[in-house]
Amino acid sequence: MDQLSVAHLLGIKYLNKNDIDLIFKTADGFKEVINRPIKKVPSLRDITIANLFFENSTRTKLSFELAEKRLSADVINFSAGQSSVKKGETLIDTVNNILSMKVDIVVMRHGNVGAGVFLSKHVNAKIINAGDGTHEHPTQALLDSYSIREKLGDVKGKKVVIVGDILHSRVALSNIFALQLQGAEVKVCGPTTLIPKYITSLGVGVETNLRKALEWCDVANVLRVQHERMDIKYFPSTREYTQLFGINKELLNSLDKEVVIMHPGPINRGVEITSDVADSDQSIILNQVENGVAIRMAVIYLLAQQIKR
Amino acid sequence: MSKKTLLNSKDIEIILHRLACQLIENHNDFSNSVLIGLQPRGSYLANRLVALLKSDYNIKDLEFGLLDITFYRDDFRRRDEPLKATSTEIDFLIENKKVVIIDDVLFSGRSVRAALTALESYGRPENIELLVLIDRRFSRHLPIQPNYRGRQVDAINHERVIVSWKETNKKDAVYIEQK
Numbered sequence: 000m001d002q003l004s005v006a007h008l009l010g011i012k013y014l015n016k017n018d019i020d021l022i023f024k025t026a027d028g029f030k031e032v033i034n035r036p037i038k039k040v041p042s043l044r045d046i047t048i049a050n051l052f053f054e055n056s057t058r059t060k061l062s063f064e065l066a067e068k069r070l071s072a073d074v075i076n077f078s079a080g081q082s083s084v085k086k087g088e089t090l091i092d093t094v095n096n097i098l099s100m101k102v103d104i105v106v107m108r109h110g111n112v113g114a115g116v117f118l119s120k121h122v123n124a125k126i127i128n129a130g131d132g133t134h135e136h137p138t139q140a141l142l143d144s145y146s147i148r149e150k151l152g153d154v155k156g157k158k159v160v161i162v163g164d165i166l167h168s169r170v171a172l173s174n175i176f177a178l179q180l181q182g183a184e185v186k187v188c189g190p191t192t193l194i195p196k197y198i199t200s201l202g203v204g205v206e207t208n209l210r211k212a213l214e215w216c217d218v219a220n221v222l223r224v225q226h227e228r229m230d231i232k233y234f235p236s237t238r239e240y241t242q243l244f245g246i247n248k249e250l251l252n253s254l255d256k257e258v259v260i261m262h263p264g265p266i267n268r269g270v271e272i273t274s275d276v277a278d279s280d281q282s283i284i285l286n287q288v289e290n291g292v293a294i295r296m297a298v299i300y301l302l303a304q305q306i307k308r
Numbered sequence: 000m001s002k003k004t005l006l007n008s009k010d011i012e013i014i015l016h017r018l019a020c021q022l023i024e025n026h027n028d029f030s031n032s033v034l035i036g037l038q039p040r041g042s043y044l045a046n047r048l049v050a051l052l053k054s055d056y057n058i059k060d061l062e063f064g065l066l067d068i069t070f071y072r073d074d075f076r077r078r079d080e081p082l083k084a085t086s087t088e089i090d091f092l093i094e095n096k097k098v099v100i101i102d103d104v105l106f107s108g109r110s111v112r113a114a115l116t117a118l119e120s121y122g123r124p125e126n127i128e129l130l131v132l133i134d135r136r137f138s139r140h141l142p143i144q145p146n147y148r149g150r151q152v153d154a155i156n157h158e159r160v161i162v163s164w165k166e167t168n169k170k171d172a173v174y175i176e177q178k
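Protein chains in written order, with numbering that gives the first Met the number 0: chain A, 0 to 308; chain B, 0 to 178.
Chain A on its own, in the form it takes in the complex (with noise of 0.2 Å):
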């Protein structure tokens, strides 16, 4: 279990246990890097790095940034929005044209699903997926899990819930299956018209009442409403979503136990999670951040040991 199972990270689903075992493994290393004085390693000083952003980010573009920069590769960056593709490049024509600068890894977010593996069959380099629209968003499952386990102890047993737009969300799914890896429970709670219509075929429980969903978690991992990808109206109102899905701290402190409160990020203060459950302490959002750039290291540190000179 030395290496990798997959040449590319384009979702949770194409990994096994082993491999999330070993990328843990890795992150831990990586994490006392990343609390030295000097936070760097010379591993990865002859590769070079494209970050290729086709959609808005902020946390994991600097994440990933960051994590490249720690292994000493040589980093790119792009965003759609200063770019050719506004001309109307193809995707792998943007892509092979980055790549004849010598490029050996691409990250890469964009809003089509599957844009990751589409990339990897045309071409020659590793992938990473940093989102791709609605489907996957694996760094951020791993450093989810990641969290989990350096709170907890274990992923394995314990029981999860996701709450809030689990339509719109690649976080969601890339932990649906990240949980499940790791013999984690999960249950999705939300409104109905933002719980997609197959979810229970996952093996994902559905729960519609957030004070049930929290009485029955140890972990509730709380989304943001994606508004930009909703094409009509799925809720009445912000106001009537924050009062039945809203996690607050008179909601926490009813319940007879700590349940740890996760956010991915970016977070709507006093819409999904009111300031005084964000800032808590039983909230590791900020352990989360830290974490994604041990992961995110870790992953990119396993895939690059597969190029061969």
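Derived by calculation from the structure, the hints in this document are not laboratory data.
Built from N, CA and C at the ideal position, the CB exists for glycine as well.
Which residues of chain B face chain A? A partial, calculated answer using Cβ under 7 Å:
1) Phe70
2) Lys83
3) Ser120
Using the hints, position chain B against chain A.
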């Protein structure tokens, strides 16, 4: 495949005591010195020396850490087998300290080179010394020599030096094996 015993457990015990005394000669009470074992194999020797210094030589405060050099190795992507990381346990800075790197076998010197680079992340030490149990002569790829050595061996390239520790292999011994 023939196997020859180079050191038995009695030999190793004597050597450990000698190395401990040599360290004390140069580092007194270790108030400004730190010992760093190289993961994974150097950690057994380092642990043993630290225990000995504390129990038999009355050294009280001894700063001691374990360093993993995986991410600093120069053969990343150049070998068939993937590199495997272990943990680093250094919870202090080495700024202005006297550092002793500890490993079991000195062969090409490349691990020590990686360790020197890795240690830069923890500050600028006053000086760095190297202690090894077995020093394989005539096999160096780099200009690196130990300051303290348990035993020097003239093993040739197709021979392997195997260090076994009672913590993992039931008994202390060093063998030379024909590949």
